[in-house]
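**Student:** In the order they appear, the protein sequences are chains A and B. In case it helps, this note's numbering puts the first sequence at residues 212 to 515. In case it helps, this note's numbering puts the second sequence at residues 87 to 531.
Worth double-checking, as some hints may not be accurate.
[Stated by the list, open to error] Covered stretches of chain B, as calculated for chain A (at least 3 residues, CB under 8 Å):
(1) 118-128
(2) 366-377
(3) 411-423
If you are wondering where the hints come from, they were derived from the structure by calculation, not from laboratory data. Each residue gets a CB set at the ideal place from its N, CA and C atoms; glycine is no exception.
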Amino acid sequence: MEDFLGIAELGTKTLQDLLDTAESMAEVLTRRVKKVPTLRGRSVANVFFEPSTRTRNAFELAAKYLSADVVNFTGGGSSLEKGETVWDTVRTLEALGVDAVVVRHRTSGVPEAMARQLDIPVINAGDGEHEHPTQALLDLLTVRQRFGHIAGLTVAIVGDVLHSRVARSDLYGFSALGARVILAGPPSLVPEDLAEPPVRVTWSLEEALAEADVIQVLRIQRERQQEGYIPSLQEYRARWGITRERLAQAKPHALILHPGPQNRGVEIDSDVVDGSQSAILRQVQNGVAVRMAVLYRLLGGEPE
Amino acid sequence: MADGNKKAAAERSWRITGALILDPFTGREGQGTVWVEAGRVVERPSGAFPEETVEASGLWLIPRLTDIHVHFRSPGQEWKEDLRSGSMAAAAGGFTVVATMPNTDPVVDIPALVAWQRLEAERLGLVRVWPIGAISVGLQGKALADLWAMQEAGAVGFSDDGRPVADSRLMRAALSYSRSLTGPIIQHAEDPGLFAGASMHEGSVSHRMGIPGAPAEAESVMVWRDVQLAALTGGRLHIAHLSAPGSLEALAWAKRRGLQVTAEATPHHLLLTDEAVAEWGYDAVTKVNPPLRPAAMREALVEAVREGLVEVIASDHAPHHADEKGRPYTEAPFGISGLETSLGAVLTALVHGGLLSPLEAMRRMTAFPHRLLGQAYPGLVPGAPADLTLVDPFHEWTVDPGRFYSKGKNTPLAGARLRGRAVATMVDGCWVMREGEVIDPCADN
């Protein structure tokens with residue numbers, strides 16, 4: 212593995228191996244002293260052309276826990292504002308000697324195009340509406356920790372699938388490991404041709420909830436209303452919002468995931484976010500572990 | 087033509103023998119000899135000038151190969167293309183005539199700019215450049231430009247290409263007014279709302295890649311509106327770069343009603359599908375408007391060209407600088423540099439594919455384009471301007487944009503194997519390209 216660009220192109224074996232590595236990283240994170248010397252002397256550039264808090268922080272901590280040096284580059288106040296292209300930005304970082312770049316960009320495909328231009332590994336930290344592969348890894352890890360397995364589970368991905376890179380990466384990851392995925396949400400936001408059997412599409416949240424062992428709740432952005440995809444956010448909540456009453460109709464063991472940040476009271480209610488079925492904070496913890504696993508795999512000892 | 091060149095042509099006589107003559111203007115098809123003297127086709131040479139024989143066995147000889155949809159970017163965007171590089175690309179691609187779109191900077195919406203493009207192209211002495219004028223002032227879609235005045239200055243048609251005439255009232259006015267003109271109203275059919283934010287065709291490929299897409303209906307709802315307006319007004323409508331199945335139905339409806347509606351298809355829509363976007367992996371070289379469509383839609387378009395419902399093939403030659411096309415997919419501009427692959431793509435897809443006879447294929451790039459623009463050419467008959475192309479229909483070659491004369495190297499056909507290409511182009515009895523090399527008369531003088 213030279214780059215980490217998307218779940219779609221990973222084999223099942225690689226995916227399993229990454230989760231196993233992440234599991235041992237998660238163990239490291241329970242120690243009082245979390246720092247291990249694995250990537251001492253290596254450096255990682257976090258290049259975020261789009262704002263991000265948790266993903267960037269998780270990558271930064273992951274690199275630091277592995278003893279790598281980290282440089283952070285964010286779009287605002289940078290050479291980008293002086294007209295530099297994104298390609299020149301990362302080529303410059305490569306010339307400065309960094310060993311890997313972690314990239315987030317609002318346009319799909321930017322990490323892939325960068326990977327073609329750079330000799331060092333490129334890690335996709337979310338590109339447009341394409342993929343967010345480390346998010347899928349942390350979702351998979353969270354679910355595997357809770358259920359002990361992924362194969363045979365039913366995973367409902369609820370909401371704005373059309374615009375969601377998380378939905379795509381989750382769809383590929385859970386499908387690859389043998390879960391059955393249901394995509395649920397408003398017809399305008401759930402493209403049916405993403406769903407090749409056995410993946411299913413439904414407009415009915417009730418139908419999805421009745422079968423789901425895992426419920427991944429996607430963020431709905433306010434702009435979708437102005438863009439004409441949905442009526443008001445109130446109507447969205449009434450039909451697809453995860454409320455405590457709705458959750459009561461799901462399986463008692465159903466696990467709630469959300470990639471964050473949450474719009475409390477819109478796609479998910481506070482008492483669900485903070486409730487006993489929520490694994491949302493566990494997801495955040497696992498976010499550091501899976502990013503350590505990815506950095507370790509790309510920069511660490513294991514020869515390919 | 088450039089003076090020196092013109093003089094040279096005026097004092098020369100050419101005997102082109104052995105070629106298969108395909109003349110869609112007259113319907114002539116067969117082996118024969120063509121004599122050219124002093125820039126014109128002649129029955130027999132007068133003997134007054136030195137004569138040279140061109141042995142053209144195994145080649146086709148086509149008069150007036152025409153591309154009615156090109157962007158030469160001048161005035162104002164000469165880093166993408168200019169009249170010289172565009173004309174050289176046309177000559178290299180075998181074209182003797184091109185019609186240039188007016189979405190330049192400034193927009194070609196006044197007679198002076200039409201006249202300037204004409205004069206500049208004549209000074210260059212390569213190929214004939216027929217300017218298309220804007221429909222609306224500044225392409226703003228608000229007020230009609232002075233269409234008749236631009237026609238008087240040499241405009242052959244009118245278009246806001248690059249953007250649609252979205253306002254139905256203005257489109258009605260343009261079509262209505264076109265009844266008093268010789269050229270058509272050429273529509274870039276696109277519903278702005280349905281297309282908003284899109285970078286490719288909406289479907290399984292766009293959804294997989296996470297690239298915002300627009301459905302084929304973004305085109306066809308506008309075509310349906312326009313054919314209705316053509317019926318209302320009796321105006322002359324030409325649909326540029328048609329690509330959607332619904333547009334074909336609208337076109338068929340219009341033709342059944344006997345309306346003056348025509349359409350063109352591009353070689354890239356005839357040859358490629360949206361899978362090319364995935365194959366090129368987010369390289370914006372595949373980004374074009376209208377977007378590349380799925381296989382079933384491509385096949386419907388090919389069939390429409392075959393049966394003549396879509397009667398013209400035009401490249402929509404849209405050169406861009408590599409820095410622009412190198413941007414992230416959604417930020418890069420639309421367009422494919424097409425002049426130097428158009429003929430090869432058409433021969434590969436349609437003729438060698440067994441769908442169209444050579445004469446019928448060439449009709450869509452010669453006589454039909456002339457007819458729809460209201461331009462006369464008699465074919466290879468004595469007295470006709472000697473504008474012709476020699477084509478090696480079986481020559482196999484690999485597309486290498488690095489060798490393009492166009493400044494635009496942006497084509498998803500890069501690396502593709504094509505069968506057939508132009509080997510010589512003559513305009514006004516003067517060779518402007520031979521053996522793939524453009525002969526620049528200005529550089530020579």
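**Student:** Any hints this thing doesn't respect? Which numbers, in order?
**Tutor:** 1
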